[in-house]
Amino acid sequence: MADLHDEIQREIAGNPILVYGKGTKDAPRCGFTLETIQFFNRFGYPFEVIDVLENMPKRQALSEMTDWQTLPKVFIGGQFFGDTDILAPMAEKGELATLLETTFAGSGVSPTIQLR
Amino acid sequence: MPDAAVEVYDLTGTMDHLEVFVQTKAFVGVSPLDRHRMVERALAPARADGRIHALQIRTATPEETHG
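Which chain is which? The protein sequence lines are A and B, in order. Heads up: the first sequence at position 97 corresponds to 97 in my numbering, and the numbers run straight through without jumps. Just add 116 to the spot in the second sequence (first one is 1) and you have my numbering.
Simulated from the structure, these hints should not be mistaken for lab results. Source: prediction; values computed, not measured. Glycine included, C-beta positions come from ideal geometry on N, C-alpha and C. Heads up, some of the hints might be wrong.
[Claimed, not checked] Some, not all, of what chain A presents toward chain B, calculated at C-beta under 7 Å:
id	residue
1	G82
2	D85
3	I86
So that you can see chain A by itself, here it is in the shape it has in the complex (with noise of 0.2 Å):
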């Protein structure tokens, strides 16, 4: 278990936004997984999905870490944000636009799209 905690958190630590979820990005296996992959493309910063459908340990220490029991996970900036259920109305507001250009500040990594 240490093992894969350790596992999860360099994989956060590692990716500014990070999708747990049901398959890969070019073939989701679940419909909450390709809405979250699809939420991320419109806003054009890169981010990772990592596919944890049949590897119930890992499932099982996400779950624990978060106290969520879905997925998808998202984490963005190293922090938890739930699912696009959360990140949706924070999009409306204009909040998550504000999160990104942060996370993202100071990495060389802009937007491949620009929303405003």
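Take the given structure of chain A and dock chain B to it, following the hints.
Just chain B now, with coordinates in the frame of chain A:
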């Protein structure tokens, strides 16, 4: 959540892909993440036995809805 107003939407016509909207005073001062945790906890049995396969959750306080 005694005052909770709950609306349930059947997204696919199969009664197991649902969207719920929960409005209650109990959400005042509670973060979006914790609101969802509260709703998920209340629905845990229906999750566990498969009555709910997929669930989208929206939450609000009465003030947020009418404000």
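Identify every previously stated hint that the structure contradicts and give their numbers, smallest first. As far as the earlier hints go, not one is violated by this structure.
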